[in-house]
Structure formats: structure tokens, C-alpha cells
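**Q** Chain order of the listed sequences is A and B. Quick note: the numbering used here has the first sequence finishing at residue 124, numbered continuously throughout. Quick note: the numbering used here has the second sequence finishing at residue 124, numbered continuously throughout.
I should point out that these hints are in silico values taken from the structure, not numbers from a laboratory. Since we're looking at a predicted model, the values are computed, not measured. Each hint should be verified, as a subset may be incorrect.
Same chains, same label: a pair holds when it works inside one copy or across any pair of copies.
Cut-off 25 angstroms, straight-line C-alpha distance, at most; resulting in silico cross-link-like pairs (DSS-like, lysine-lysine) [unchecked claim]: (1) Lys96 to Lys6; (2) Lys99 to Lys4; (3) Lys96 to Lys18; (4) Lys6 to Lys18; (5) Lys18 to Lys37; (6) Lys39 to Lys96; (7) Lys18 to Lys33; (8) Lys39 to Lys4.
2 protein chains.
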Amino acid sequence: MLVKDKRIAAEGVNTLHKTFDISGHAELQAIRKAQAKLKTNDLSDCSIYASGEPCAMCLTAMYFTGIRKIYYSSSLAEAVANGFEKSEVMTDQNLKQLKDSMIYLPLAGTVDDPVRLWAEGVNK
Amino acid sequence: MLVKDKRIAAEGVNTLHKTFDISGHAELQAIRKAQAKLKTNDLSDCSIYASGEPCAMCLTAMYFTGIRKIYYSSSLAEAVANGFEKSEVMTDQNLKQLKDSMIYLPLAGTVDDPVRLWAEGVNK
């Protein structure tokens, strides 16, 4: 639930068990709804209330939209203790391992280097 | 770009500048397309190729869908050096700070405790 000016700006419900869309967490649904409604990428004046502790996907979406007041009512540890699926759990360690496993294939200096092409475009 | 069995399973393009949807990163678009096409939450047999270093949002989506082979051609540091917007940058430190700032409002033990209600439901 996203709250702005003491009113509900948007609500989201987890749709993971309905559709094949991993981004269907309740937090991300609420953020998308609020963005579409308010036509903005800036939700810095909103607070978010989540039933479960937000995962790194949703936290990052909050970060990018400027949301800094985040409340949750049950921790990841509580969820795990109550039988949450292993696949739905992302720990700091899991994230770090995945990040460390990424493979860097640089195009820097080549004709197709996307960063250089982008920089040339915006600096025109 | 998501690759499965040496063929392109799905492609995604960043839509952040077109629509108000923070989850419009190319990686997440490709994942959603592949999920819709293949009707699965399991993309563990796919590799992903990204132009820029994936953020924690997209990495977590990869984690949840089982994607473990991740390639990228330009680092976050390169993007920043070439003038990427500050708002589009999420460092490990930013994520940690946001995570540490979250406020836990436990409902544990109350009649409305969502984790308990969920656990009761699945263990019926």
C-alpha cells in the first residue's frame, strides 16, 4: 500500500500465483499503479506499507522512484520459519553470489560500444 | 536478450523514457516476455545478455526465475563516467542503506498476522 498525503495512493496484491510475471510482487504492483495514476517516476512523497519484508527487486524499485519510508509487518525470517517456498527467498548472500557470478564482456572502444554511442547522443 | 537452446527466447528494450513504469528496464522486459511466451516462472535454462550491468531489481528478478548465466558489456562505473543520471544508479551501499532504514511493524501474535494466516491456509 502506497500512502501519499495521508491517503492511499495505490494498493497492490501479489499476482505471482495468477500470472507468469516475476515482477508481480505486491510492492511493485502498487508502485506501478501509483506511477500510472500520478504520471510520474517520482514517488518521494509516498510511504509504502508491505505485509512482508520487501525483496531486493522491490527495494530497488522503491529506491529508483524515491520512496524512502518503508514499513513492513513480517520479516523474511518469520516467513521462512512459517514455510515460505525457498524459491521466493532472496538473501543478501544470494544477491552477492549472483552479482559476483556475472560475466563482463566489454565492448568498450569498439564501434558498437553502447555507452559511447549513448554518451555521444546525449552530448550532441 | 534472453537465450535458450542457442536461440533468442525474448528481447527487451528499456522503456523508462516512454512510460511511467520503473520496472521497464530492458532485462525485466525480456524476462516478462519470455515468461509470457514460455508460460513459466522457471527460466533456469536461459542465459541473459545485457548492454549495461544489471541493477539489483533486475538481478533479483533473474534470481527468482532461476537465471544464473548473466553477461553484460558495460559496467556501472563506465555508465557513471559517461554521464548516466544519478537517479538511475543503485550501488550496493545505496541498497544497504535503504534496507537498514526499513521499519518493522510486527503484527506477530495478533489476529491479523498475515504470516500466521498464510501458514494456517497452506497447512490445512
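**Q** State for each hint whether it applies.
**A** Consistency of the hints with the structure:
1. Taking the shortest alpha-carbon separations for lysine 96 and lysine 6, neither the intra-copy value of 37 angstroms nor the inter-copy value of 27 angstroms comes in at or below 25 angstroms.
2. For a Cα distance limit of 25 angstroms, the shortest separation of lysine 99 from lysine 4 across copies, 21 angstroms, qualifies, whereas the shortest one inside one copy, 34 angstroms, does not.
3. Taking the shortest alpha-carbon separations for lysine 96 and lysine 18, neither the intra-copy value of 29 angstroms nor the inter-copy value of 31 angstroms comes in at or below 25 angstroms.
4. In this assembly of identical chains, the alpha carbons of lysine 6 and lysine 18 never lie at most 25 angstroms apart, being 31 angstroms within a copy and 29 angstroms across copies at closest.
5. Taking the closest pair of Cα atoms, lysine 18 and lysine 37 come within 25 angstroms of each other both inside a single copy (23 angstroms) and across two copies (15 angstroms).
6. Taking identical chains as interchangeable, the C-alpha atoms of lysine 39 and lysine 96 are never at most 25 angstroms apart, the minima being 34 angstroms within one chain and 28 angstroms between chains.
7. For the homomeric pair lysine 18 and lysine 33, the shortest alpha-carbon distances inside one copy (18 angstroms) and between copies (16 angstroms) are both at most 25 angstroms.
8. With identical chains, the CA atoms of lysine 39 and lysine 4 are at most 25 angstroms apart within one copy only, with a shortest distance of 14 angstroms there and 36 angstroms across copies.
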